[in-house]
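Work out the full structure: start from the sequences and follow the hints.
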Amino acid sequence: MNPVRSLVVLPTGDPVRVAPRSRTPIGGDPGKIRVGWFRLFMVCGRFGSYVRAMITLTGLTKRYGDKTAVDGLTVEITPGLVTGFLGPNGTGKSTTMRLILGLDRPTAGRALVNGKQHAEHRHPVREIGALLDATAVHPRRSARNHLRAMAATPPHLRPPGHEVLNAVGLTDVANRLAGTFSLGMSQRLGIAGAILGDPQVLMLDEPVNGLDPDGVRWIRTFLREFAEQGRTVFVSSHLMSEMEQTADRLVVIGRGRLLADTDLRAMLSGGSVQVRGPDLGPLELTVTGLSVERIGDLAYESGVRLHELRSVETTLEQAYLELTADSVEYTEPMNR
Amino acid sequence: MNTLSPVWASEWIKLRSVRSTWWAVDGALLAMVVVAALGGTDAANELAAESGPPGSVTYTSVAISGVNFVQFIVPVPAMLLITSEYATRSIKFSLQCVPARKRLLLCKAGIVASFGLVVGSCWASWEYRPQCRPSGSTGTSRPATPCARSSPSACTAG
Numbered sequence: 029m030n031p032v033r034s035l036v037v038l039p040t041g042d043p044v045r046v047a048p049r050s051r052t053p054i055g056g057d058p059g060k061i062r063v064g065w066f067r068l069f070m071v072c073g074r075f076g077s078y079v080r081a082m083i084t085l086t087g088l089t090k091r092y093g094d095k096t097a098v099d100g101l102t103v104e105i106t107p108g109l110v111t112g113f114l115g116p117n118g119t120g121k122s123t124t125m126r127l128i129l130g131l132d133r134p135t136a137g138r139a140l141v142n143g144k145q146h147a148e149h150r151h152p153v154r155e156i157g158a159l160l161d162a163t164a165v166h167p168r169r170s171a172r173n174h175l176r177a178m179a180a181t182p183p184h185l186r187p188p189g190h191e192v193l194n195a196v197g198l199t200d201v202a203n204r205l206a207g208t209f210s211l212g213m214s215q216r217l218g219i220a221g222a223i224l225g226d227p228q229v230l231m232l233d234e235p236v237n238g239l240d241p242d243g244v245r246w247i248r249t250f251l252r253e254f255a256e257q258g259r260t261v262f263v264s265s266h267l268m269s270e271m272e273q274t275a276d277r278l279v280v281i282g283r284g285r286l287l288a289d290t291d292l293r294a295m296l297s298g299g300s301v302q303v304r305g306p307d308l309g310p311l312e313l314t315v316t317g318l319s320v321e322r323i324g325d326l327a328y329e330s331g332v333r334l335h336e337l338r339s340v341e342t343t344l345e346q347a348y349l350e351l352t353a354d355s356v357e358y359t360e361p362m363n364r
Numbered sequence: 011m012n013t014l015s016p017v018w019a020s021e022w023i024k025l026r027s028v029r030s031t032w033w034a035v036d037g038a039l040l041a042m043v044v045v046a047a048l049g050g051t052d053a054a055n056e057l058a059a060e061s062g063p064p065g066s067v068t069y070t071s072v073a074i075s076g077v078n079f080v081q082f083i084v085p086v087p088a089m090l091l092i093t094s095e096y097a098t099r100s101i102k103f104s105l106q107c108v109p110a111r112k113r114l115l116l117c118k119a120g121i122v123a124s125f126g127l128v129v130g131s132c133w134a135s136w137e138y139r140p141q142c143r144p145s146g147s148t149g150t151s152r153p154a155t156p157c158a159r160s161s162p163s164a165c166t167a168g
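Protein chains in written order, with my numbering: chain W, 29 to 364; chain X, 11 to 168.
To be clear, the hints were calculated from the coordinates, so they are not data collected in a lab. Accuracy of the hints is not assured; some may be wrong.
[To be verified] Derived Cβ-Cβ restraints for the label pairs, each shown as a range:
1. X:Trp32 <-> W:Gly87: 42 to 52 Å
2. W:Pro167 <-> X:Glu60: 49 to 59 Å
3. W:Gly87 <-> X:Ala123: 34 to 44 Å
4. W:Asp240 <-> X:Val44: 49 to 59 Å
5. W:Asp242 <-> X:Leu115: 38 to 48 Å
6. X:Asn78 <-> W:Asp242: 35 to 45 Å
7. X:Arg111 <-> W:Glu104: 27 to 37 Å
8. X:Ile92 <-> W:Gly93: 21 to 31 Å
9. X:Arg99 <-> W:Gly87: 47 to 57 Å
10. W:Asp289 <-> X:Leu115: 33 to 43 Å
[Said to hold, decoys possible] Part of the chain X face toward chain W, derived, beta carbon under 10 Å:
11. Val17
12. Arg26
13. Arg29
14. Ser71
15. Ile74
16. Thr98
17. Ile101
18. Cys107
19. Pro109
20. Arg111
21. Leu115
[Stated by the list, open to error] Below, simulated EDC-like cross-link-like pairs (lysine to aspartate or glutamate); rule was C-alpha separation at most 20 Å, straight line:
22. X:Lys112 <-> W:Asp132
23. X:Lys102 <-> W:Glu155
24. X:Lys102 <-> W:Asp161
25. W:Lys95 <-> W:Asp132
Please read all numbers here as calculations on a predicted model, not as lab measurements. All C-beta atoms, glycine included, are put in the ideal place defined by N, C-alpha and C.
Listed below in structure tokens is the structure:
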């Protein structure tokens, strides 16, 4: 059985245990449920609705007046993977996350967390940890008190001790007022709040905003480890390079609609080859759909001299820009 | 009620962990003392001018005269507890923890109401304290002790 405790490596290099919880998830590790009679009995006892940790969106739609922010989104965010959530500005990423958390009521469709709507959970902090807006804390309340107020809501949750604060690297500044924090520190505080209940699902909106390189690397390892424990990570970002390194799976939306729901690798496949040579004229050719070897062989067979034969990998940025080219909401005016 | 108590605890942490709450509490006490002092001097001057009979002004009426004014200070933490959450958008965190709106707002209302009651009772009884020691050294006139303690309004001068 997979231990629920998570080991996190701090920027200082020390491994630290985060988010202590006395509760053992009934049914064992949600990533691989082994069917045993006792366990099955326990599972049925838990309102008969124990499901794998995940976010399920079915036909999720949100309209504000005649503007459709989210348009029939049907996605399943599965456990064990870091799922990246991409899309141009103003295409409904944050709205989707708000709908998942029940901060907005969907016009149509449903957003379920672990099989239930957010508000139906007895202790939602234990089901889903979320960070939507890191700066949305009372500026005159200390970080520690902010976390204590959050930790008080589900009973029997230990008040945030060193573990959570250590895990996000805020131990030294825990008693400072949240208003004096930099954006990066606020992000860390928000993440501390998200992992407080040791949830099975983690949902973060732009978590790397304002973090220093150390923090970026820390959050990358943190999310990867969280997902490797069979939990669900759903994270939005507009930093493509960051997504390329963190995410296993990508959900891309544009104008509220689902554009892609694929593996990161599938998204990156289909590179091109740059070819240059004196027999080809002054132009550099870009060849797609053929391997470097095949082009080289073809050139040799037809006696064409080549001076350059270079494989160009598709970056996530290119793939993303091609995908979302039609759905960018705010662009520069073409001519003025 | 076991679903309410954790929310109650959370709201209590929120209420006491900002300074504005304690400013309001101190302010309430200060305002009560100031108003009582003003009322006391006023009554003393009036009595001296009119040389009214002893017992016509009670400690209680003077001490409690600040309440009318102070009750406008008590709602300050009450308002701040909810408005600050919307102003700083930290209501998102609150609703993440407690998605049941009614439960959250009920606990917020309950905690400030109880807090106001406790603080108000403490300050009022602190001001009422001289009544228990009828020495008359600081007052405007000799108090009609038993009468004032049972029903202050019956003893006040018309």
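Quick rundown of the hints versus the structure:
no., hint, verdict
1, X:Trp32 <-> W:Gly87: 42 to 52 Å, "holds (50 Å)"
2, W:Pro167 <-> X:Glu60: 49 to 59 Å, "holds (55 Å)"
3, W:Gly87 <-> X:Ala123: 34 to 44 Å, "holds (43 Å)"
4, W:Asp240 <-> X:Val44: 49 to 59 Å, "holds (51 Å)"
5, W:Asp242 <-> X:Leu115: 38 to 48 Å, "holds (41 Å)"
6, X:Asn78 <-> W:Asp242: 35 to 45 Å, "violated (58 Å)"
7, X:Arg111 <-> W:Glu104: 27 to 37 Å, "holds (28 Å)"
8, X:Ile92 <-> W:Gly93: 21 to 31 Å, "holds (27 Å)"
9, X:Arg99 <-> W:Gly87: 47 to 57 Å, "violated (28 Å)"
10, W:Asp289 <-> X:Leu115: 33 to 43 Å, "holds (38 Å)"
11, Val17, "holds (6 Å)"
12, Arg26, "holds (9 Å)"
13, Arg29, "holds (6 Å)"
14, Ser71, "violated (39 Å)"
15, Ile74, "violated (33 Å)"
16, Thr98, "holds (5 Å)"
17, Ile101, "holds (8 Å)"
18, Cys107, "holds (4 Å)"
19, Pro109, "holds (4 Å)"
20, Arg111, "holds (9 Å)"
21, Leu115, "violated (14 Å)"
22, X:Lys112 <-> W:Asp132, "holds (16 Å)"
23, X:Lys102 <-> W:Glu155, "holds (16 Å)"
24, X:Lys102 <-> W:Asp161, "holds (8 Å)"
25, W:Lys95 <-> W:Asp132, "holds (15 Å)"
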